[in-house]
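Colleague: Heads up: the protein sequence lines correspond to chains A and B, in order.
The numbers in the first sequence follow my numbering, run straight up by one, and end at 731.
The numbers in the second sequence follow my numbering, run straight up by one, and end at 549.
Hints are computed from structural coordinates only; laboratory data are not their basis.
Please note that a few of the clues may not be correct.
Distance condition first, Cα-Cα at most 30 angstroms in a straight line; then the derived DSS-like pairs of lysine-lysine [said to hold, decoys possible]:
{"no.": "1", "chain 1": "B", "residue 1": "259", "chain 2": "A", "residue 2": "509"}
{"no.": "2", "chain 1": "A", "residue 1": "418", "chain 2": "B", "residue 2": "12"}
{"no.": "3", "chain 1": "B", "residue 1": "111", "chain 2": "B", "residue 2": "178"}
{"no.": "4", "chain 1": "B", "residue 1": "12", "chain 2": "A", "residue 2": "217"}
{"no.": "5", "chain 1": "B", "residue 1": "111", "chain 2": "A", "residue 2": "217"}
{"no.": "6", "chain 1": "A", "residue 1": "438", "chain 2": "B", "residue 2": "221"}
{"no.": "7", "chain 1": "A", "residue 1": "382", "chain 2": "A", "residue 2": "201"}
{"no.": "8", "chain 1": "B", "residue 1": "350", "chain 2": "A", "residue 2": "506"}
{"no.": "9", "chain 1": "B", "residue 1": "441", "chain 2": "B", "residue 2": "259"}
{"no.": "10", "chain 1": "A", "residue 1": "217", "chain 2": "B", "residue 2": "72"}
{"no.": "11", "chain 1": "A", "residue 1": "201", "chain 2": "A", "residue 2": "85"}
{"no.": "12", "chain 1": "A", "residue 1": "221", "chain 2": "B", "residue 2": "72"}
{"no.": "13", "chain 1": "A", "residue 1": "221", "chain 2": "B", "residue 2": "12"}
Beyond 10 angstroms from chain B on every Cβ pair, some chain A residues (computed) [what the hints assert, rightly or not]:
{"no.": "14", "residue": "230"}
{"no.": "15", "residue": "233"}
{"no.": "16", "residue": "259"}
{"no.": "17", "residue": "384"}
{"no.": "18", "residue": "396"}
{"no.": "19", "residue": "412"}
{"no.": "20", "residue": "421"}
{"no.": "21", "residue": "449"}
{"no.": "22", "residue": "454"}
{"no.": "23", "residue": "467"}
{"no.": "24", "residue": "475"}
{"no.": "25", "residue": "477"}
{"no.": "26", "residue": "493"}
{"no.": "27", "residue": "519"}
{"no.": "28", "residue": "543"}
{"no.": "29", "residue": "670"}
Where a beta carbon is used, it is the ideal one built from N, C-alpha and C, also for glycine.
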Amino acid sequence: MEIRSFTDYLRSLDDAGLSELFAARPDLVSPVPPDLASLAVRASSSHSIARAIDSLTEFEFQILEACVALDEEFTLKNVISITHKDAALAVVRLITFGLLYPTDKGLRLPTSVSQLLINEPAGLGPASLAKLKLTELSEAPEAANRVLTQLIWGPPRGSVGDIKNPGPGIAWLLDRKFLVPLDQRTVIMPREVGIFLRGGKVHKSYQSTAPAVTGTKRVEKSVNMAAAANIATVLGWVEELLHFWAQEPADALRSGGLGVRDLKLISAHIGIDENCAAFIAELSYLAGLLTIDGDDRILPSNNFDIWLTQSAETRWSTLAANWLTTSRVSGLVGRGEAKSVATLGPELDRVNAASTRKLVINLLNEQPNLAPDLASFTRTVKWIAPSKRNPGIQEELIAWTLREAEWLGFTGQGASAKYGRAFITGSDEIGIDTDLPKPVDHILIQSDNTAIAPGPLEHDIARDLSAVADIESRGGATVYRFSEASIRRGLDHGKSGEEIRTFLVKTSKTPMPQPLEYLIADVAKKHGKLRVGNTSSFIRCEDTSLIAQIMSDKRLDVLSLRKIASEVLICDLDAADAMNVLRNAGYLPAAEASNGALITGHRSHRAKAKPKPPRVIGEIDPPSESTLTAAVRSIRAGEKSSHKQSKIRDLAASALGSLPRTTANETMDLLAIYVEKQQALSIGYADNNGAVSHRIVDPIKISAGALVARDHATGEMQSFRIPRITGVAPL
Amino acid sequence: MTDGPLIVQSDKTLLLDIDHPGSVECRRAIAPFAELERSPEHIHTYRLTNLGLWNARAAGHDAEQVIDTLIKYSRYAVPHALLVDIAETMSRYGRLRLEADPVHGLILITKDSAVLEEVIRAKKIAPLLGVRIDKETVAVHPSQRGAIKQSLLRLGWPAEDFAGYVDGQAHEIELVQKDWKIRPYQELAAEGFWHGGSGVVVLPCGAGKTIVGAAAMAHAKATTLILVTNTVAARQWRDELLKRTTLNEDEIGEYSGAKKEIRPVTIATYQVMTKKKNGVYAHLDLFDTHDWGLIIYDEVHLLPAPIFRFTADIQSRRRLGLTATLVREDGMEGEVFSLIGPKRFDVPWKEIESQGYIAPAECVEVRVNLTEAERMLYATAEPEERYRYCSTTTTKRKVVEALVERHANDQVLVIGQYISQLDELSEVLGVPLIKGDTPVKERERLFGLFRTGEIKCLVVSKVANFSIDLPDATIAIQVSGAFGSRQEEAQRLGRILRPKSDGRGAIFYSVVSRDTVDQDFAQNRQRFLAEQGYSYRIIDADDVFQGKI
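For reference, chain B alone in the conformation it holds in the complex (with noise of 0.2 angstroms):
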């Protein structure tokens, strides 16, 4: 028995103490393999998966120095059939590969002809396949090269893709690092990128993920093309590369419901990409029209289905995807890993939060009292309305109210999911609302002026959810959601999380009714952010009356 930082599990899951003086050094040897999971105070858990030993296996580690890392920073013995499996597991990797053959084009070929019979003989791949070249080589069509990846990896023979990347149409992008610096994990992120080919980075809201984009384009130098949620946020990408790179503005082409220019940097949006005309997705040609050299996902988590089957079908071009929080309640995250790319770069929101990129946050759950007969209203409602009830009655109302007034001096905003209610809201604080059918011009005159300090408060339906960028928003108030999403609450979260001028720290309210599905659903929301290591204090709606916070 040693005395290492590590609890090495029978059900692949990794325990890493991080009170322990060895973590810093065990996080590192342990990151290219294992998945973190989730990073509260004490303990961290990282998962031991088949495609993160995959991965690993591609960035050139083999099963050996895996075990090794495992068996020298573990603190108990390792169990014996795990190592047992990732052997097992790694081995299956690379007995397959994709080539690209001068003759024939894109080919399959092992050295393992069992192996490679196995696969034709499954009746998800048959069909990907072309002509049988010899025993142990098999064509593939060339447009079928996502697919045939994404079924190998579901038969547990993933296939090593050695066809490489097209180069796109070359185009000069680089750094302009003025007045300012790019901090080492966006430094350590584009290269994990670069390196990998093509993935996903994963970092905390406010962390500076357009400068990871920014620096991935850098690193191409080739035409590229941005997918982005909304206008807004294309815009504000377009500003931040403006900003940080070379690029000038007619370099940079939007294409969106408003505008369709193409230009060696264009920042599309999803809405757009995904809008039908005539039962075809007449934008999805955007991808082909044009030799991208690197096509970025922004905010990965909110991928729409029609461009993940078209994503498969662009597998040469290399792929990065942004995001803050890789949980979607679909349970697509496979989907997104094995079509973009897997995890290239994750890390702790604390440990960012502790070399100071992003601000201390604080949680604060209000729960709220209803009233008697407001209680008996909620418990006579029909089921679909009760949690639509519960989370907007009048004493929540109230409290919003007294919080407002607590942060008079602070840059506030109330986001929320009932209209009805912000609506309602911003009548009684006398403050702007941002929802929906704001016109884009309205929402950045608004957001101006916000960022100004000139209007202090903002009621924000879910629209503002990504993307938006608010700078010194310290307080956000969230007065309902979209029911348990933990996503969602992380966002939110992430409103508030970009580092204040004066190191002061955020405070993140959610206005909770008690007893009642509120409660239940504050409870499944709050989950991720727990398990990033954010704590949530709950406090009494009386206390915020009193002024007692």
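This is chain A alone, in the form it adopts within the complex (with noise of 0.2 angstroms):
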């Protein structure tokens, strides 16, 4: 068969073939098209195109920029000429990701794909229209040189003073169609001239195999060590950020996310930087621990309880799972410039954030115990995958996700962990549970009124050793301190001091010391002494036999009384309401002011608002003299201009033979005349969907918005709605 067109391509394509092809693009089996042309059609689209392209290396990037500076059709020595020897490896790929394509007479280019690269392929200007003598550039004078060299990597474009007029080395390039005028400022070199002046190569260097990672060797024992230190610290963090939002959830700004002082807020509280508070607050998001409320409040969800049960492996494996495949990226939070940008909000969605995570983190298994230095791993990571969509932050991400995976506990020291390695496998066993250091079930209390935890606590114990002591001191141990407020806390918490105590001569290994014994009796003594609540209105009578006599009226239930002092009602109605029940029931209240005083003399309310008087719709005023002229004035020009476009669009409309058009004032005019008339009319008239039809109808009325006309064609009445008549004409 003969091959002219990318379909004819495809259609040659062997099962084999057409598999790989989706196997490297998978996008164009979802949905699966229904034949090849359809195939072919998705296949050269730029959307399509441009998601094959970001798969390339920089090499095979390089190698279709190559092919696009070559005039179609070429061979394959045509691309290693201007390239380099090991191409034909690359254009295999291309031609497995149907970027490229051989035809009976050499190969080619799907047409899309020319477009979509830069009108200036590699910084090459186009190709020139006129034969050119190459060897002549070796004679250049030293001017003509010296522009040459400007322009010869790229961009092919310069500006002249003037085309008319240029300098005598531009001259001599222009005269030798060495350089071609692009316009009256613009010169731009030709291809093949870049081509010759690149050494006959398009691109300055290439690399044909991916540059080798460099950086620190580690040890692998501590590698683990360190990632499992990493990863009980990660899981201590997210726990850490949601307790705290469950004692004082944050409110959600208006236009979504967390503030940057709520974020501040929980750096501060969780001792780490505002970078990773945001990466932890995201953490939490993505894995559905945390929520934001219809009352835009931020705080943790049921599946934190869920989650606070399971092993650590698995509460591991959640965070991790939802961090590789997100594509938001917690390092744009307080970024430079893009400050506003917020944790948790919607704007942190970035098209490359995952596949850059995917490829980082492979290419760190790939190497174990090597902490790459960054320079490097960037330099195989933008050639395995140079981004040509987000170029501006690829560099940062990797950044980012190098020091993500850190905080996570996928490399310790910088290196990949086995942790991190078995969970990108989906081994059952991650080993997290066995290697993380045992839960501790106890603490030391000292004299100088802390406790330590020599050890991550048990999860009972840590919660509520946290409802009485603030924490001073992170990491393998915790360290705890007792203060006034920190038992003051653990007692609005609802545990008596007696609690306090009993939990913590439990859970103390060394003797509870006096001081704190103290200091908890203290505490417990003085709090809840001054009680605070809400009322609507008080009752006072100095008669304590009145006020026992109220409390037992039956009639008064209404109030739902509450005694405080002997000679002291408090009630849940207002004041008047109050009152008036009172007065229903025979009593005789008077009100009184916050002050004391009797507020006496008769009730006359006035309202604290500023009036605001009903606005008047009255009658229109009778215009002035000058007012009615400019308005006929400016009537008769708008009548004029639509009588000259309405006569033109009869003219068209007849010359056509179409449907009659009118203005709707025009409708309703003619309408009006022809009802009177009694005289039959053609209109255009429009049905539900639109379709315009064309009616012969005999008019009789205009009501309800509507013409009521007898129909030619039926011979029936019917009444035609009014803003559907698209024009009238008369017959």
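With the hints as a guide, bring the two chains together.
Modeller: Dropping the structure here:
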């Protein structure tokens, strides 16, 4: 079969070839196209091609650029001659990707590939139309050479003062067509000249295999230990953050996400920097451990309670899995000029985030025990996946991913650790549960009012302890400090002083220091001495027997009175209502102002708000003479122009023999005239779907926004809604 | 995971489990670079600070050693970020060096010209520098040696000082160890100081700081200026030096309000040094007029501001600071370290106690219930009067009487803040009172009587907080203090820490009014001692009256 087009090429492929294409470009089969022609269309769509180009390595992309610079059809030899000897492999890959296809006469590119790559691939100008004697370039005068050096590596355009009067160097080049004028002030260097000057190659240099990652060698054991520590730490951070928000939910910004102040607050609370705090918040958000509720409050979800009960391994896997696949980039928070990007906000999604993350992790995993240095690592990642769509943040993305991988424990001391590798390969046992330090079930209380948990605390103990003590230092161990405020917090949580004491005595391996015991007792003694509550009104009476009477009066049950002192009752109703109820029951209350003075005199209310009298909708004032003249003038002018327009339209209509068209005003006018004359009309009428049909009608009357008329086609009476009448013309 | 005694926290604190068998070895290993922060009963807290790490560098430890030590003793994995931070911090030390150049005098020199550019451009540094000699060298005004070191430290580029110390005028001084022997920790402290060049030695009260001073002088063998808090302290230093060293009376001079002697070893008071005449410090010249080889600052936590400023100018002389409690309520600890020198020696009080060099002490807080009438008066008192009111109540006086009676056979000191309260106590108890306006002669006479046991009880105001030597005081009763001063509390406890001949323990009573600010202040005051492992026992005043202690 003769291959002339991309479609032909696709037809020529066998099943294996097609599967290969689909494997390389999965977007082509979702959904599966109905036939090869539509496959070809989809495969040449710019969107799909852009995706395909994104998955090329730097070398492959260079080869593709070189191909664009060649005239079609070209051969592999042509490609190699202007690039690198290893181009053959890349060409095969490009063919697999469907970015290049063989025809009978040679290799070709699907049309949209060359359109998609910028007009000047690899900084080369367009092909020359004239025949060039490139050998003459070696005799170029000094001035011309200077110009050439400027343009050699692109962009191939240069501006000149005036094309008609160029300098001697440019003139020499223009004469020989080594430069071509683009417009009045711009010249461009043809592609052939560029390639010639670049020594017959398209790019400065080629690297056909990925550059090796360099870095520091680490000892496997300490890498894993460090990673385990990171994992333990990150789990602690998440827990700490969510407990914090459980106490005091943060308010989301109106524009969505977490405010800078709240971010600062949590970073100070957990003792990490703000980037890390943003990362932890995002991590919890992705894993569904926190949610932003209807009242815009940020607080932990029920999943958090479930998560807490799970093993460390499961907890970590949940976090890790979500981090790997998300398109959200927490590194963007607080970055340089983009200060307004909020954690948990709507602006964190980036196209390449997940793929970059995956690439970084895989690359790390390929070289266990190597802590790469950022520059070499970035270079390699950029070779494997030179980002065309988001080049701006690719380098940062890589740095952020490395940073986050360390926080999360994919790496320890910067090198890939066994837990992350096991997780990626999907093995059942990651080994976290066995390697993390075993939780301890005791604390050591010391006489300086601190308690130290010499390892990760069991969950319940940690929760109870943090209710009555403040965390002073975190890490392998936790240092808690007891203070009056922290004990008070425990009491506020509903624990009694005795409960706190028993809990501490039970949990502490060391005897309870007496000062702490006293501190707890002292605070407990004072706690709740003052009581504060809400009430709407009070009833006061110096006669306690009257108070007793009121309390026992069944008719006053509605007031739900509570006696708070022998002479004072409080009531849920407001003072005016309470007084009405009391009066109806036969008592004689008087109102008391907040300063205790009696409010006497009859009640006569005044509004606090400013008066806002209603707007008057009345008759229209007769317009002044000048207004009238102006109005008339403007109407006349409008009329003239619309008349002119409708004339032109009529001409066009009659020329085409199509439906009549009139403006809404004209329509009304004509209808009114012809209803009066009882003369047949031709109208255009739009149906429900907007299709306009031509009707001949005898108008009868206009009523309720419709024209009632007899339709000649059916001979029946029908009403035509006036807005749907597209035009009227007399017959 | 190993089973080490050390837990490294992510906030750069190190927790040392002292019940662990390896704790002693570990303490020794981390002491050169970590600062002891608190040392209660079970877990001691050390902190890694930039200053501490730089000092370790100065003493010849490199980052790798520090990191290896941490990893070796750590129970859990050490946070990687922390290790990176340590390496990074330590690498900043010594990029800049202060050297003595034969041509240009004092110079700041570097191999990393970017760093030099950075510091030259700093506002605080520029005025201290002289001419730029070349790309990597700049001259420094010799008088600004201290100031530039301090400013560089603040910028985070500590300079390594190779300019050395002046030897001062030589003067033969030796320790005379006939009927006594220098204790191992005193020797360690003196050596630590000598090898470091300058610095601060922290030792508990009663642990013999004077001897550390004497030992340092024996190392220096040069004329020495000793700065002390007051005249009584000056005399005690003199007596001590006469007893412990080869110095004789003619070699030791006193420079105070009363006498102005300048001898090879001169003891001056802070008070006279900071006395102004016509708006200038008339006596600060003392630093300069003589070629001192060593300057000792006693009770360095009390160092007054003018001396601070002056100390910056004498960076080429060796400086030794002595203190029991380097907590300054004014937060100037950092200044002390950068001007006098880093902490060269620090040891938990309890460790010295366990070696028997200071007396074991029991701290007791006696809680006094105010009477109903007193409570009402307290509640309505003006805020600024409240502390005074609740710390001087009549109920307290009765408790003090009961306590003094209980310890009728012991040497008892009653210490307080408010003179009217002390006057009253002195009258009721029938014992002499020593306060600010008591003449030195009278003071010395009373101390003498107290020492010999002729007087069993003394009431003292805050003048006796420091440096009075009362060998046989076993009981201290504190009735009021300077608000929440932790440092004062520690100094007062120090009054009774000298080992007793019969090996008895000392008791430190603090009488506190319950449910008042007195109690809050007491809690704050006790913090330092609690962090040193002194645990307070709280008893009720009624128990004192009923004799149940």
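Colleague: Now tell me if each hint is right for this structure.
Modeller: Hints, one by one, checked against the model:
1. B:259 with A:509: 59 angstroms, violated
2. A:418 with B:12: Roughly 27 angstroms between the alpha carbons, so the hint for residue 418 (chain A) and residue 12 (chain B) holds.
3. B:111 with B:178: Not satisfied, since the Cα-Cα distance of roughly 52 angstroms exceeds 30 angstroms.
4. B:12 with A:217: At roughly 25 angstroms apart (the allowed maximum being 30 angstroms), residue 217 (chain A) and residue 12 (chain B) satisfy the hint.
5. B:111 with A:217: The hint holds at about 28 angstroms.
6. A:438 with B:221: Not OK: residue 438 (chain A) and residue 221 (chain B) at ~57 angstroms, beyond 30 angstroms, violated.
7. A:382 with A:201: Holds, because 22 angstroms separates the two Cα atoms, which is no more than 30 angstroms.
8. B:350 with A:506: Roughly 27 angstroms separates the two Cα atoms, so the pair holds.
9. B:441 with B:259: 14 angstroms, holds
10. A:217 with B:72: The hint holds at about 20 angstroms.
11. A:201 with A:85: Judged against 30 angstroms, a Cα distance of about 11 angstroms means the pair holds.
12. A:221 with B:72: This hinted pair holds, its Cα atoms lying about 14 angstroms apart.
13. A:221 with B:12: 23 angstroms, holds
14. 230: At about 8 angstroms from chain B, residue 230 (chain A) fails to clear the 10 angstroms cut-off, so the statement is violated.
15. 233: 7 angstroms, violated
16. 259: 26 angstroms, holds
17. 384: 26 angstroms, holds
18. 396: At roughly 20 angstroms from the nearest Cβ of chain B, residue 396 (chain A) sits farther out than 10 angstroms, so the non-interface label holds.
19. 412: 7 angstroms, violated
20. 421: Given a closest Cβ separation of 18 angstroms, the condition holds.
21. 449: 7 angstroms, violated
22. 454: 7 angstroms, violated
23. 467: Label holds. Min Cβ-Cβ 21 angstroms, cutoff 10 angstroms.
24. 475: 3 angstroms, violated
25. 477: 4 angstroms, violated
26. 493: 23 angstroms, holds
27. 519: Residue 519 (chain A) is in fact no farther than 10 angstroms from some Cβ atom of chain B, at 8 angstroms.
28. 543: 30 angstroms, holds
29. 670: 85 angstroms, holds
In summary, the structure is inconsistent with hints 1, 3, 6, 14, 15, 19, 21, 22, 24, 25 and 27 from the numbered list given earlier, while agreeing with the others.
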